[in-house]
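**Student:** Throw the hints in and build the complete structure from the sequences for me.
Protein chains: 2
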Amino acid sequence: MPELIRQLGGKSSDLDIPQEKTSSQTEKKIFRTRTSASPYARVNKAHVKELKTIVGQGNVIVDEERLESYSHDETDASEYAVIPEVVVLPSTTEEVSKIMKLANRENIPVTPRGAGSGLSGGAIPCFGGILISVEKMNSLIELDVDNMVAEVEAGMITNEFAQEVQERGLFFAGYPMSLETCFIGGNIAENAGGGKAVKYGVTGRYIMGLEMVTPTGDIVRLGGKAPKDVSGYDLKQLIVGSEGTLGIVTKATIRLIGLPTVSADLLVLFDTPRQAIDAVPVIIKSGIVPTGLEFMDRLSAQTSCRYLNESLPYGEAGAMLLIELDGNNSKQVEADLLTVGELCMQSSATQVFVAEDSNTKERIWNVRRNVAEAFKVFSPVQSLEDIVVPTSRIPELIPELERVSQKYGMLIPCYGHAGDGNLHATLVKDPEMSMETWKVNEDAALKEIYRITMGFGGKISGEHGIGLKRKSYLKDLIDPVELDLMRGIKKAWDPKNILNPGKIFD
Amino acid sequence: MPELIRQLGGKSSDLDIPQEKTSSQTEKKIFRTRTSASPYARVNKAHVKELKTIVGQGNVIVDEERLESYSHDETDASEYAVIPEVVVLPSTTEEVSKIMKLANRENIPVTPRGAGSGLSGGAIPCFGGILISVEKMNSLIELDVDNMVAEVEAGMITNEFAQEVQERGLFFAGYPMSLETCFIGGNIAENAGGGKAVKYGVTGRYIMGLEMVTPTGDIVRLGGKAPKDVSGYDLKQLIVGSEGTLGIVTKATIRLIGLPTVSADLLVLFDTPRQAIDAVPVIIKSGIVPTGLEFMDRLSAQTSCRYLNESLPYGEAGAMLLIELDGNNSKQVEADLLTVGELCMQSSATQVFVAEDSNTKERIWNVRRNVAEAFKVFSPVQSLEDIVVPTSRIPELIPELERVSQKYGMLIPCYGHAGDGNLHATLVKDPEMSMETWKVNEDAALKEIYRITMGFGGKISGEHGIGLKRKSYLKDLIDPVELDLMRGIKKAWDPKNILNPGKIFD
Chain A
1 MPELIRQLGG
11 KSSDLDIPQE
21 KTSSQTEKKI
31 FRTRTSASPY
41 ARVNKAHVKE
51 LKTIVGQGNV
61 IVDEERLESY
71 SHDETDASEY
81 AVIPEVVVLP
91 STTEEVSKIM
101 KLANRENIPV
111 TPRGAGSGLS
121 GGAIPCFGGI
131 LISVEKMNSL
141 IELDVDNMVA
151 EVEAGMITNE
161 FAQEVQERGL
171 FFAGYPMSLE
181 TCFIGGNIAE
191 NAGGGKAVKY
201 GVTGRYIMGL
211 EMVTPTGDIV
221 RLGGKAPKDV
231 SGYDLKQLIV
241 GSEGTLGIVT
251 KATIRLIGLP
261 TVSADLLVLF
271 DTPRQAIDAV
281 PVIIKSGIVP
291 TGLEFMDRLS
301 AQTSCRYLNE
311 SLPYGEAGAM
321 LLIELDGNNS
331 KQVEADLLTV
341 GELCMQSSAT
351 QVFVAEDSNT
361 KERIWNVRRN
371 VAEAFKVFSP
381 VQSLEDIVVP
391 TSRIPELIPE
401 LERVSQKYGM
411 LIPCYGHAGD
421 GNLHATLVKD
431 PEMSMETWKV
441 NEDAALKEIY
451 RITMGFGGKI
461 SGEHGIGLKR
471 KSYLKDLIDP
481 VELDLMRGIK
491 KAWDPKNILN
501 PGKIFD
Chain B
1 MPELIRQLGG
11 KSSDLDIPQE
21 KTSSQTEKKI
31 FRTRTSASPY
41 ARVNKAHVKE
51 LKTIVGQGNV
61 IVDEERLESY
71 SHDETDASEY
81 AVIPEVVVLP
91 STTEEVSKIM
101 KLANRENIPV
111 TPRGAGSGLS
121 GGAIPCFGGI
131 LISVEKMNSL
141 IELDVDNMVA
151 EVEAGMITNE
161 FAQEVQERGL
171 FFAGYPMSLE
181 TCFIGGNIAE
191 NAGGGKAVKY
201 GVTGRYIMGL
211 EMVTPTGDIV
221 RLGGKAPKDV
231 SGYDLKQLIV
241 GSEGTLGIVT
251 KATIRLIGLP
261 TVSADLLVLF
271 DTPRQAIDAV
281 PVIIKSGIVP
291 TGLEFMDRLS
301 AQTSCRYLNE
311 SLPYGEAGAM
321 LLIELDGNNS
331 KQVEADLLTV
341 GELCMQSSAT
351 QVFVAEDSNT
361 KERIWNVRRN
371 VAEAFKVFSP
381 VQSLEDIVVP
391 TSRIPELIPE
401 LERVSQKYGM
411 LIPCYGHAGD
421 GNLHATLVKD
431 PEMSMETWKV
441 NEDAALKEIY
451 RITMGFGGKI
461 SGEHGIGLKR
471 KSYLKDLIDP
481 VELDLMRGIK
491 KAWDPKNILN
501 PGKIFD
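Taken in order, these protein sequences are the chains called A and B. Every letter in the first sequence is one number past the one before it in UniProt numbering, and letter 444, counting from 1, is 444. Every letter in the second sequence is one number past the one before it in UniProt numbering, and letter 406, counting from 1, is 406.
Think of the hints as simulated: they come from the structure by calculation, not from any bench. These numbers come from a predicted model, not from an experiment. Hints may contain errors.
Repeated chains share a single entry, so a pair holds when one copy, or any two copies, can fit it.
[Said to hold, decoys possible] Taking lysine to aspartate or glutamate and the EDC-like style, the derived pairs with C-alpha atoms no more than 16 Å apart in a straight line are: (1) LYS285 - GLU167; (2) LYS52 - ASP63; (3) LYS491 - GLU356; (4) LYS491 - GLU362; (5) LYS471 - ASP443; (6) LYS447 - GLU400; (7) LYS45 - GLU180; (8) LYS285 - ASP144; (9) LYS52 - ASP357.
**Tutor:** This is the structure we're talking about:
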């Protein structure tokens with residue numbers, strides 16, 4: 001190992017971060033129920049009876065306390081919680097079809113839900129009605145090693161799927177950071193990205209086929225195991241990222257790739273966020289494609305370390321990059337590692353650490369994976385964003401975020417998938433600020449950040465989606481022609497607008 | 001170089017292949033004009049005058065002889081030729097928009113056209129009307145090396161684009177075999193695949209953004225340079241492969257990757273097609289991802305060699321694989337080359353040749369690229385197909401094609417992208433067969449081949465599209481629910497059905 005790269009070690013220093021008062025932390029969520037102005041029918045006793053006939057008595061939930069856990073996802077504001085009128089847990093695609101047909105006939109809104117780990121309110125039943133959870137549809141149906149393809153039910157936990165295919169020497173490369181909780185179906189609904197997307201792309205790249213129930217209750221299979229297909233419109237890619245508004249995905253045919261046998265992670269420290277960010281395009285342009293290229297500012301790293309009671313040399317730096325390299329040839333990976341380390345040093349890095357054993361790797365990735373969770377504990381009132389810009393524009397974005405932070409008196413810690421230009425700038429409420437002021441400032445700051453992002457040729461969401469949370473912003477930022485084209489599809493497929501209404505656009 | 005792999009050399013032996021009589025070769029195409037039952041308005045003098053105002057006098061073609069060259073694409077049957085009423089050559093997106101608005105107002109069908117190198121009749125103006133050729137919109141607008149992204153007009157020739165980016169050390173990986181003639185816009189319309197798709201994927205993977213004119217004449221930009229985006233439905237991927245029925249692509253934002261610095265090609269000979277095909281899943285499953293993995297049977301290779309007056313050791317074998325490997329590390333590529341060579345020998349290969357210098361590489365790829373062209377010269381009456389099945393099913397597909405060939409008394413030479421399961425089985429008319437019998441047999445054989453393909457979990461087109469040519473077959477093979485979903489989008493976006501009507505579905 002050359003001089004510039006050190007084996008990872010060291011201790012983290014303490015850093016004071018603001019903490020929301022305990023009363024706010026335990027503040028009960030305000031559950032909303034459907035508004036009286038709803039254009040939909042209410043779920044009545046006859047509907048519940050019919051639902052019980054379809055999925056079985058034990059798979060229909062009407063008990064208020066149990067309903068509450070289906071009222072929200074991981075979106076951070078209390079206003080994003082609405083109680084469904086009934087929750088159903090189907091076990092088959094045919095059951096999902098029957099539920100949709102009932103809903104379509106009776107004009108009842110239906111919200112499909114995966115693990116509820118979404119971050120844009122995509123699974124919140126904002127009009128009440130029926131919530132369909134796919135949690136019981138969680139099997140690996142087929143692992144076709146010959147064709148390197150798997151067929152899996154929508155409710156399977158991503159990590160369970162990833163581990164099963166890994167045992168057969170295969171790799172599902174398109175998974176998000178929340179892989180320990182999220183469902184495959186949710187990843188598809190949001191076209192989730194993750195820590196390996198720089199090299200391997202996001203979920204959509206791996207979707208070869210889908211089984212889906214349409215808004216009117218028909219079952220359809222799109223795509224399949226054929227590696228290429230231009231037999232008409234690519235509807236499966238339209239479903240990917242459509243946030244459950246165009247169909248309920250029940251099964252997916254997923255392309256697998258060979259499992260990389262060698263990997264190494266670099267933890268690179270810089271004095272300032274700007275220096276770290278400046279190094280990103282340098283690496284991207286080098287020709288070496290890192291598996292992942294993550295950025296964390298000091299506040300993000302320290303908050304996660306404190307949450308995990310972890311000790312890493314984060315305290316020494318103002319910002320850091322976490323760079324993963326993988327492949328099947330250890331010499332190649334090592335050569336790439338040295339090149340990337342050199343490039344970082346040339347770009348003002350102060351330290352380059354390498355983590356080669358699986359334990360150290362797991363520790364540093366654990367810190368990165370838990371940033372969002374950690375901020376929730378320490379500062380529950382916040383807005384977790386995932387703006388994305390062309391990578392060359394990130395250095396211009398960071399000072400803009402700092403400016404907005406100053407202007408509105410809020411912290412904006414920043415971390416995320418820098419290699420994709422996708423940053424989790426997180427607006428965090430100062431504990432001293434009143435909720436009323438926070439609401440006004442949050443809204444103004446978001447509008448400003450989104451406009452800056454779009455001005456850099458970016459988008460307001462790279463992987464979390466629009467859902468309920470960003471809908472009101474999207475309508476002012478998107479080309480009205482594009483919005484009309486989207487609305488045209490939605491209306492053609494779901495004329496009664498009963499499938500996940502109120503998401504993305506009205 | 002180990003014993004098993006030899007430097008490429010040798011002479012091709014002669015092989016008798018049937019030749020259609022000269023009279024048929026030079027047979028004049030039968031041009032159809034629009035039928036009287038057309039639901040559309042005819043182009044009149046006032047329309048032509050208005051078109052001249054929009055694009056300038058010199059960019060409106062009404063001269064019959066010049067119109068004829070826009071009546072067909074590379075689809076091989078004479079019935080696939082219909083003369084447009086007028087051809088316009090816009091230079092800007094605004095002009096395309098004005099043409100579409102005129103057409104929409106006057107109820108005139110519009111056919112968008114790239115280079116006319118399509119193989120499914122997607123650019124044939126089957127209802128007459130206006131044909132928009134994008135040939136004058138052929139500039140590279142921006143090469144953004146920092147973000148590894150290019151913006152290019154739809155009418156740029158693929159190879160010119162590929163070469164310009166290559167000069168900057170970048171690589172456009174999603175191009176088809178016809179790269180010397182085809183336009184970027186046409187590749188997008190058909191979601192074209194090519195010889196590098198096994199490793200790099202097809203055109204769609206590289207499309208980050210599109211500028212497009214809608215069927216009603218609005219201009220819209222979809223996507224952009226942001227590496228990730230879930231801000232609403234992914235409309236750009238819906239446009240990719242939609243064969244010009246949902247919008248006219250005027251510009252594309254294309255993702256580039258680092259140019260591989262090392263490559264090697266293997267030419268592997270087998271005694272029988274079955275043995276060659278059996279080797280494909282063995283290679284795919286090895287974990288080594290070849291850049292391309294092409295199959296040619298003896299008839300295909302010999303026909304192309306004769307057409308090119310080329311001498312390669314194809315005569316020695318009953319079938320062959322052409323395998324490309326690339327990367328940035330010569331040792332890695334060489335190691336992969338040896339492994340793949342060994343795997344082929346274990347799978348009954350008789351000879352493994354390596355082509356390492358660029359001249360030899362170009363020679364063998366030239367043979368592969370010219371198979372279709374060669375068959376047209378030697379046997380003009382044919383049906384060039386591009387069925388696709390899961391790679392593990394190819395060995396079952398080959399004997400089925402042989403059975404159909406026997407049953408209907410036609411040759412079915414077979415070549416193509418075996419690594420993607422995508423085979424160009426080509427139905428070739430026996431010179432002795434009457435055209436009447438050929439028509440009946442071609443139809444029956446296609447129906448049988450398509451059903452077999454679908455039965456193997458495949459699709460009837462992997463890269464050429466449905467267009468006019470396969471429309472009548474698709475409707476009987478596709479799930480009616482899926483077809484209705486496609487129709488729903490088309491109707492929502494193009495209520496008068498004026499943009500490229502008669503393609504994919506009615």
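**Student:** Each of the hints needs a verdict: does it hold here or not?
**Tutor:** Checked hints:
For the homomeric pair LYS285 and GLU167, the shortest alpha-carbon distance between copies (15 Å) is at most 16 Å, but the shortest distance inside one copy (34 Å) is not. Within a single copy, LYS52 and ASP63 get their C-alpha atoms as close as 14 Å, which meets the 16 Å cut-off; across copies the closest is 70 Å, which misses it. Taking CA atoms no more than 16 Å apart as the test, LYS491 paired with GLU356 passes in neither setting, with 52 Å inside one copy and 56 Å between copies. In this assembly of identical chains, the alpha carbons of LYS491 and GLU362 never lie at most 16 Å apart, being 46 Å within a copy and 51 Å across copies at closest.
Proximity of LYS471 and ASP443 under a CA criterion of 16 Å is satisfied intra-copy only: 13 Å inside one chain copy versus 51 Å between copies. For the identical chains of this complex, LYS447 and GLU400 are intra-copy neighbours only, at 13 Å inside a copy versus 61 Å across copies, given an alpha-carbon limit of 16 Å. In the homo-oligomer, the alpha carbons of LYS45 and GLU180 never lie at most 16 Å apart, since the shortest distance is 37 Å inside one protomer and 67 Å across protomers. For the homomeric pair LYS285 and ASP144, the shortest alpha-carbon distance between copies (11 Å) is at most 16 Å, but the shortest distance inside one copy (36 Å) is not.
Neither within a single protomer nor between protomers do LYS52 and ASP357 lie at most 16 Å apart by alpha-carbon distance, with minima of 52 Å and 70 Å respectively.
Hints 3, 4, 7, 9 from the earlier list are contradicted by this structure; the remaining hints agree with it.
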